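There are 2 protein chains.
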Amino acid sequence: MTNDSNPEDRNQTSPNTPRRRGGRSRTAGDGPAPVAQPPFAHHHRWFAPTRAVSDDHLEAIHIASLSVLQDVGIDVLNPQARKLLIEAGAMGTADADRIRFDPEMVMACVASVPSEFDLHARNPAHTVTLGGDNVVFSAVASPPNVSDAHGGRRTGNQRDFQNLVRLSQHLNAIQIHGGYPVEPADVHPSVRHLHATFDLLTLSDKAVNAYSLGAERNQDCLEMVRIARGLTDAEVETETSIFTIINTSSPLRLDIPMCQGIMEYAKRNQASVITPFTLAGAMAPVTLAGAVAQQNAEALAGIALSQIVRPGSPVVYGGFTSNVDMKSGSPAFGTPEYMQSAMLGGQLARRYGFPYRSSNVNAANAVDAQAAYESVFALWGAVMGGANLVFHGAGWLEGGLRASFEKMVIDADLLQMVAKFLQPLVVDDATLALDAIAEVGPGGHFFGTQHTQDRYRSAFFAPMISDWRNFETWEEAGSPTADQKAAALVPTLLDEYQKPPMDDAILAELTEFVARRVSEGGVATDF
Amino acid sequence: MTNDSNPEDRNQTSPNTPRRRGGRSRTAGDGPAPVAQPPFAHHHRWFAPTRAVSDDHLEAIHIASLSVLQDVGIDVLNPQARKLLIEAGAMGTADADRIRFDPEMVMACVASVPSEFDLHARNPAHTVTLGGDNVVFSAVASPPNVSDAHGGRRTGNQRDFQNLVRLSQHLNAIQIHGGYPVEPADVHPSVRHLHATFDLLTLSDKAVNAYSLGAERNQDCLEMVRIARGLTDAEVETETSIFTIINTSSPLRLDIPMCQGIMEYAKRNQASVITPFTLAGAMAPVTLAGAVAQQNAEALAGIALSQIVRPGSPVVYGGFTSNVDMKSGSPAFGTPEYMQSAMLGGQLARRYGFPYRSSNVNAANAVDAQAAYESVFALWGAVMGGANLVFHGAGWLEGGLRASFEKMVIDADLLQMVAKFLQPLVVDDATLALDAIAEVGPGGHFFGTQHTQDRYRSAFFAPMISDWRNFETWEEAGSPTADQKAAALVPTLLDEYQKPPMDDAILAELTEFVARRVSEGGVATDF
Chain A
1 MTNDSNPEDR NQTSPNTPRR RGGRSRTAGD GPAPVAQPPF AHHHRWFAPT RAVSDDHLEA
61 IHIASLSVLQ DVGIDVLNPQ ARKLLIEAGA MGTADADRIR FDPEMVMACV ASVPSEFDLH
121 ARNPAHTVTL GGDNVVFSAV ASPPNVSDAH GGRRTGNQRD FQNLVRLSQH LNAIQIHGGY
181 PVEPADVHPS VRHLHATFDL LTLSDKAVNA YSLGAERNQD CLEMVRIARG LTDAEVETET
241 SIFTIINTSS PLRLDIPMCQ GIMEYAKRNQ ASVITPFTLA GAMAPVTLAG AVAQQNAEAL
301 AGIALSQIVR PGSPVVYGGF TSNVDMKSGS PAFGTPEYMQ SAMLGGQLAR RYGFPYRSSN
361 VNAANAVDAQ AAYESVFALW GAVMGGANLV FHGAGWLEGG LRASFEKMVI DADLLQMVAK
421 FLQPLVVDDA TLALDAIAEV GPGGHFFGTQ HTQDRYRSAF FAPMISDWRN FETWEEAGSP
481 TADQKAAALV PTLLDEYQKP PMDDAILAEL TEFVARRVSE GGVATDF
Chain B
1 MTNDSNPEDR NQTSPNTPRR RGGRSRTAGD GPAPVAQPPF AHHHRWFAPT RAVSDDHLEA
61 IHIASLSVLQ DVGIDVLNPQ ARKLLIEAGA MGTADADRIR FDPEMVMACV ASVPSEFDLH
121 ARNPAHTVTL GGDNVVFSAV ASPPNVSDAH GGRRTGNQRD FQNLVRLSQH LNAIQIHGGY
181 PVEPADVHPS VRHLHATFDL LTLSDKAVNA YSLGAERNQD CLEMVRIARG LTDAEVETET
241 SIFTIINTSS PLRLDIPMCQ GIMEYAKRNQ ASVITPFTLA GAMAPVTLAG AVAQQNAEAL
301 AGIALSQIVR PGSPVVYGGF TSNVDMKSGS PAFGTPEYMQ SAMLGGQLAR RYGFPYRSSN
361 VNAANAVDAQ AAYESVFALW GAVMGGANLV FHGAGWLEGG LRASFEKMVI DADLLQMVAK
421 FLQPLVVDDA TLALDAIAEV GPGGHFFGTQ HTQDRYRSAF FAPMISDWRN FETWEEAGSP
481 TADQKAAALV PTLLDEYQKP PMDDAILAEL TEFVARRVSE GGVATDF
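Going down the list, the protein sequences come from chains A and B.
Start counting the first sequence at 1; every next residue gets the next number (this note's numbering).
Start counting the second sequence at 1; every next residue gets the next number (this note's numbering).
Simulated from the structure, these hints should not be mistaken for lab results.
Careful, some of the hints might be misleading.
Below, simulated DSS-like cross-link-like pairs (lysine-lysine); rule was C-alpha separation at most 25 Å, straight line [what the hints assert, rightly or not]:
(1) A/Lys-83 with A/Lys-327
(2) B/Lys-327 with B/Lys-83
(3) B/Lys-83 with A/Lys-420
(4) B/Lys-420 with A/Lys-327
Partial list, computed: chain A residues near chain B (C-beta under 8 Å) [what the hints assert, rightly or not]:
(5) Ala-60
(6) Ala-64
(7) Ser-67
(8) Gln-70
(9) Ala-149
(10) Arg-159
(11) Asn-247
(12) Gly-281
(13) Pro-285
(14) Ser-328
(15) Pro-442
(16) Phe-447
(17) Gly-448
(18) Lys-499
(19) Ser-519
The model shown is predicted, which means the values in this text are computed figures rather than measured ones.
No residue lacks a Cβ here, since even glycine has one placed at the ideal position from N, Cα and C.
All chains should be built: construct the whole structure from the sequences, respecting the hints.
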């Protein structure tokens with residue numbers, strides 16, 4: 001029923017990646033030992049997020065964004081959205097795009113946003129909470145290209161899409177999908193959302209995203225998630241089960257499909273992550289305060305629309321302000337400016353009581369030191385800035401133009417490191433270890449003590465990638481660099497992947513739904 | 001007068017690195033344009049450091065370390081140090097190593113430590129302040145091995161030492177030397193400190209370190225710095241001009257040369273950075289709270305000694321707790337445990353009002369993604385943990401067993417990124433840019449605005465290494481990875497290096513001092 005038959009009939013991965021054997025059960029002698037991963041877990045921030053500016057300056061940014069909304073306004077390209085906004089007190093006319101927002105109306109909308117909500121997965125163990133002190137990591141979303149070490153860089157396709165979904169399911173560090181981990185460009189756009197969402201819901205049991213590319217797609221994907229979760233129409237509205245990323249068309253525009261996405265999902269109590277793409281120096285002022293003020297104005301406009309449609313519907317405030325490289329005009333990520341913007345975005349989100357989204361991003365063209373340091377700087381900005389959702393958590397390369405299998409594995413290790421950092425440092429008699437210190441005494445060694453022996457196996461983070469062997473041993477092993485180690489792990493992890501179970505009746509209903517919608521021709525592609 | 005004649009007579013670098021042309025003046029057509037670097041600057045933390053534990057837990061760790069000092073005690077191997085400690089109220093006997101510390105005596109010593117002090121460089125523009133909200137970056141110190149992309153890995157030697165000193169001088173991100181950026185193992189240990197300090201003081205004008213390997217070395221190095229700065233004996237005691245790293249011999253020991261270093265430099269008002277090397281699971285408890293409690297006990301013991309010798313003498317509290325890899329026993333760095341320990345160390349230092357030292361470290365064997373991500377995680381722990389001195393800031397690889405030319409260049413870029421992050425986000429009418437936002441309006445573009453044109457050249461951090469070109473352009477340029485770009489920059493940077501001027505009389509005095517001390521045979525090597 002997909003363009004390329006059922007995934008389980010296709011045991012062949014990319015011709016350029018080693019063959020995988022599907023999710024069969026493993027027996028002794030069946031191959032290498034499973035890659036050790038910490039189990040799927042929920043993470044909580046134990047520290048106060050970093051405040052990027054003083055309270056006075058935060059207020060100045062808040063006021064500036066309200067003044068942008070009131071004095072400049074937002075072009076809202078969707079007539080139905082304009083109608084709802086005007087009925088709610090925004091200033092504008094039905095036949096002109098420009099909508100100006102009264103500050104009090106905006107703040108009334110802000111007040112009804114839930115500070116946290118659950119995003120339900122097909123597997124209840126994989127349901128996550130967005131907001132509060134929760135930190136959730138998603139897979140990369142939406143690159144048009146994909147690469148692996150064996151096959152190089154290529155246009156996104158369904159086979160790589162499916163393998164990245166499998167990897168996202170198998171890597172415990174990845175808690176939710178971000179969307180399509182790579183665009184399956186070989187599936188026709190009219191039915192792509194049907195096949196891709198079928199794959200996401202059957203190859204994985206983690207929470208999923210729908211692209212806002214017209215209301216019908218939002219509706220189809222929600223219906224598929226409803227079926228997959230075995231819920232009634234009424235039930236799905238009590239349990240947020242899908243989210244959509246809303247990128248404002250910066251500066252200061254909400255386009256038609258984005259308005260439709262907000263309205264469709266607010267109406268059904270599903271989540272919108274409203275994320276202006278305010279690249280300082282291009283779509284936003286070259287100064288960060290102005291770029292973030294504009295980000296804030298655009299986010300508040302989208303959030304206001306969601307709350308007008310349904311007060312209390314779940315939304316996330318997305319911060320994505322970065323800067324362009326002023327030499328090439330290319331976007332830069334994981335820069336010092338990106339870090340400050342990420343922290344400032346979080347401070348604004350907390351001012352309003354919104355869940356906050358930031359990202360794990362970089363602009364590197366290879367899985368090299370640059371990819372790694374830009375990613376960790378981005379994580380630093382996100383995590384210390386109080387992000388509840390770290391979007392594009394694993395697999396993003398090349399400023400989002402490419403998904404990388406190896407980067408996804410390395411990123412999963414980075415996320416596991418952050419997750420371990422998010423486990424609070426325990427201080428009690430057992431961890432203060434005064435008896436062990438006295439027992440060992442000056443000049444001794446702790447390894448042999450009972451205190452160490454009782455704990456050493458699980459005391460410390462154990463990485464998938466980092467190589468801590470001494471140089472000679474590492475050299476004898478072929479001097480593997482981190483990207484090479486990740487490349488070696490990709491087929492192993494795909495081999496270890498287990499397809500999560502799905503009830504036969506649900507699978508039949510889901511299959512029937514996709515078949516029917518495909519036979520109807522899917523949806524128009526002239527959005 | 002050095003083993004290998006005057007550096008300026010030796011225009012040949014390592015046989016494995018490209019030839020450098022020394023510090024001659026540059027004219028048009030003389031080679032590639034200088035590598036763009038931000039100028040040497042002083043950095044201040046604008047945010048509150050992250051608190052690793054609650055105040056109650058911090059107090060529990062403090063009390064635990066006082067109890068270790070009182071009940072277990074420290075083996076102080078130097079009789080003179082024991083004598084001073086016992087006279088000041090510590091419990092022990094002259095003929096046994098073990099010294100136990102009364103908590104009140106320790107806290108009285110804590111009270112006299114200056115919360116910040118200036119570390120003077122030969123060039124006053126390179127003098128730095130340690131403590132308060134200052135953040136200072138040093139070069140790597142003390143690896144026994146060195147590598148570059150062309151010559152591979154080799155034992156440390158004077159030629160590479162000198163080139164790393166030149167690079168440390170030329171890279172503005174590096175504010176002070178850490179010690180020897182690689183051990184010049186081909187210079188005899190009896191005179192190594194003389195030749196190496198001569199090189200540090202003549203090839204560079206940034207602040208320097210002396211190794212505490214016996215009191216005579218401390219004295220020789222201080223004398224050389226006094227000469228280089230043109231000060232009298234009395235004057236050098238009013239201006240801290242050199243520092244030494246004191247590593248306690250964990251667990252719970254202060255060895256003879258470390259005691260001598262503390263005493264020699266406290267006596268002369270020079271700085272000791274007291275840094276226990278408490279590797280959790282090996283030289284310290286496997287639990288971080290206990291490892292840091294032991295770190296704190298050891299640091300307090302060393303600091304107490306410094307303040308007994310001279311109340312108010314400058315010291316820095318060093319945190320270096322990390323964990324071992326429980327599979328191989330190798331030390332691991334830049335781990336989640338390292339980050340938490342770095343933050344906890346800072347919180348303890350602030351509790352006492354001490355300047356705080358942390359480090360930029362990793363355990364990678366190559367200049368790959370691992371080297372980069374472990375380094376940035378370490379920087380994250382250090383900078384957010386409130387480090388005033390980020391030691392080993394540039395060039396460290398392989399858990400400190402190797403200095404890397406390429407890693408030094410990449411690290412300099414990382415430090416420049418952190419330095420830019422440490423510039424506060426400016427919020428005022430000009431940066432909020434409401435006029436520019438109104439001028440551009442919905443759907444416009446900011447690049448052409450006057451607001452952007454006035455600022456774009458210097459608006460954003462401009463990296464030495466990060467490659468933000470699109471994939472096609474980058475591929476046409478030969479697909480250079482970050483380590484390859486750094487390798488290409490090394491000879492350029494060495495070529496751009498300018499030897500800082502030194503007064504002829506001072507150079508003559510320094511040269512004469514070294515010649516005399518060398519002719520005397522230097523110092524004994526049986527420390």
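These are the hints, each one checked on the structure:
For a cut-off of 25 Å, the pair hint linking A/Lys-83 to A/Lys-327 is broken: about 43 Å separates their Cα positions. For the given pair, B/Lys-327 sits about 43 Å from B/Lys-83 by alpha-carbon distance, which is inconsistent with the 25 Å threshold. Between B/Lys-83 and A/Lys-420, the direct Cα distance comes to roughly 45 Å. Violation of the 25 Å bound is thereby established for this hinted pair. Distance hint between B/Lys-420 and A/Lys-327 is fulfilled; the C-alpha atoms sit about 18 Å from each other, no more than 25 Å.
The beta carbon of A/Ala-60 is positioned within 8 Å of a beta carbon in chain B (closest approach about 5 Å), and the interface hint is therefore held. With its C-beta approaching chain B no nearer than about 5 Å, A/Ala-64 sits inside the 8 Å limit, and its interface hint holds. Taking 8 Å as the C-beta contact cut-off toward chain B, the hint placing A/Ser-67 at the interface holds, the least distance being around 6 Å. The interface hint given for A/Gln-70 is violated, since its Cβ lies 11 Å from the closest Cβ of chain B, which is over the 8 Å cut-off.
Restraint check, A/Ala-149 versus chain B: the minimum CB separation of about 13 Å is more than 8 Å; hint violated. Violation of the interface hint for A/Arg-159 is found here, the shortest Cβ-Cβ separation to chain B being roughly 21 Å, above the 8 Å cut-off. Restraint check, A/Asn-247 versus chain B: the minimum CB separation of about 14 Å is more than 8 Å; hint violated. Annotation: A/Gly-281 was flagged as interfacial toward chain B, and the flag holds, the nearest CB pair being 6 Å apart, inside 8 Å.
Of the supplied interface hints, the one on A/Pro-285 holds, with its beta-carbon coming within about 4 Å of a beta-carbon of chain B, less than 8 Å. Look at A/Ser-328: its Cβ gets to within about 6 Å of chain B, closer than 8 Å, so that hint holds up. At its closest, the beta carbon of A/Pro-442 sits 4 Å from a beta carbon of chain B; the interface hint therefore holds under the 8 Å criterion. Because the closest C-beta pair between A/Phe-447 and chain B is about 6 Å apart, less than 8 Å, the hint holds.
With its C-beta approaching chain B no nearer than about 11 Å, A/Gly-448 sits outside the 8 Å limit, and its interface hint is violated. At its closest, the beta carbon of A/Lys-499 sits 30 Å from a beta carbon of chain B; the interface hint therefore is violated under the 8 Å criterion. At a threshold of 8 Å, the smallest CB-CB gap from A/Ser-519 to chain B is about 39 Å, leaving the interface hint violated.
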